[in-house]
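Undergrad: Line by line, the protein sequences give chains A and B. Taken in order, the first sequence gives residues 1 to 169; the numbers are from our numbering. Taken in order, the second sequence gives residues 170 to 309; the numbers are from our numbering.
Simulated from the structure, these hints should not be mistaken for lab results. A hint or two may mislead.
To be verified - Simulated crosslink set (SDA-like; lysine to any residue; CA at most 25 angstroms straight-line):
1. 165/A <-> 247/B
2. 308/B <-> 53/A
3. 286/B <-> 196/B
4. 217/B <-> 135/A
5. 308/B <-> 44/A
6. 78/A <-> 309/B
7. 41/A <-> 274/B
8. 41/A <-> 275/B
9. 285/B <-> 132/A
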Amino acid sequence: MTIHASTWLVRRKWILAAVGLPVLVALWWAFRPEKLWINEKVNEAAPFDTTGGPQPILTGRFEGKSQQTSGRATIYQKPGREEYLRLSDFTTSNGGDVHVLLARSGDQSLAQDASKGDLDSVDLGSLKGIQGDQDYDLPRATDLNKYDAVVVYSEQSHAVFGVAKLEPF
Amino acid sequence: MFRTIQIAGALAMLTCVTGFGQEKAQPLETGTFHGKVHNTSGRATIYKEADGRLLLRLTNFKTSNGPDVHVVLIAAKDADDDANFLKSSTEKLELGALKGNEGDQNYDIPAGTDLKKFQTVSIYCERFNANFGAAPLQKF
Numbered sequence: 001m002t003i004h005a006s007t008w009l010v011r012r013k014w015i016l017a018a019v020g021l022p023v024l025v026a027l028w029w030a031f032r033p034e035k036l037w038i039n040e041k042v043n044e045a046a047p048f049d050t051t052g053g054p055q056p057i058l059t060g061r062f063e064g065k066s067q068q069t070s071g072r073a074t075i076y077q078k079p080g081r082e083e084y085l086r087l088s089d090f091t092t093s094n095g096g097d098v099h100v101l102l103a104r105s106g107d108q109s110l111a112q113d114a115s116k117g118d119l120d121s122v123d124l125g126s127l128k129g130i131q132g133d134q135d136y137d138l139p140r141a142t143d144l145n146k147y148d149a150v151v152v153y154s155e156q157s158h159a160v161f162g163v164a165k166l167e168p169f
Numbered sequence: 170m171f172r173t174i175q176i177a178g179a180l181a182m183l184t185c186v187t188g189f190g191q192e193k194a195q196p197l198e199t200g201t202f203h204g205k206v207h208n209t210s211g212r213a214t215i216y217k218e219a220d221g222r223l224l225l226r227l228t229n230f231k232t233s234n235g236p237d238v239h240v241v242l243i244a245a246k247d248a249d250d251d252a253n254f255l256k257s258s259t260e261k262l263e264l265g266a267l268k269g270n271e272g273d274q275n276y277d278i279p280a281g282t283d284l285k286k287f288q289t290v291s292i293y294c295e296r297f298n299a300n301f302g303a304a305p306l307q308k309f
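Kindly produce the complete structure, drawing on both the sequences and the hints.
TA: This is how it looks when you write it as structure tokens:
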């Protein structure tokens with residue numbers, strides 16, 4: 001009797017292993033849980049020349065605020081580390097004394113119309129045109145970590161026409 | 170003697186100029202990844218190389234590692250996190266298996282791809298038909 005029971009147990013263990021092991025392997029294959037802890041890092045270079053000439057470092061699309069504004073704002077770095085802002089594909093509305101500013105994207109003053117006094121910003125100059133590609137020099141040592149948004153702003157009506165939040169290119 | 174130097178100089182300049190022209194690639198479209206469920210972030214940019222070939226380059230890129238993850242272009246303006254493209258019957262264009270879940274990487278885009286139609290890059294887990302993260306592309 002005892003001999004019979006023990007052989008049955010041994011056989012059941014074998015069945016358990018025969019069924020359980022493939023199930024475990026299938027589960028492992030499907031979910032590959034070890035990948036939760038394993039990172040596959042790659043670092044492919046651009047297959048084209050990225051040296052020489054200005055390189056884009058930050059970019060963002062305009063969002064219209066008080067006026068329809070659209071297009072792209074990109075900060076380029078020249079080989080001499082000087083930086084400039086380029087607006088491309090750009091359109092905004094006509095307005096009084098419109099300027100291009102750098103501001104903090106989290107600034108509460110950007111949410112509503114605010115006098116520029118409340119807006120912590122760097123003035124890059126008067127808007128050159130309400131349509132088309134245009135460049136603006138950045139003052140040396142502008143803190144782009146702090147000023148991470150380009151703002152089209154009317155000095156006359158204290159209105160934020162549009163904001164482009166900059167993100168690393 | 171002077172003439173030879175002149176010609177050599179002109180030739181050197183010419184190869185320099187043409188060489189530079191050949192290596193120039195133009196960014197056409199770019200966008201940043203969003204994906205909360207699988208923590209996907211970084212930038213996707215489509216370049217047109219000087220010879221006309223299209224190339225997708227991921228930079229500052231990070232996603233979660235997983236089984237059978239692919240890079241695809243989808244015919245949609247954007248994709249929800251964890252979207253199932255099989256269920257939503259979204260048209261996909263396969264660019265290849267994800268080379269790494271972290272870091273800069275390049276993928277060739279087949280010639281004649283209509284970028285007006287395929288507007289979003291997706292990091293797609295083929296095994297579970299799950300979108301790990303998507304980058305809607307906009308004109309650079």
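Undergrad: Against which earlier hints does the structure fall short, listed by number upward?
TA: Violated hints: none at all, because every hint is consistent with the structure.
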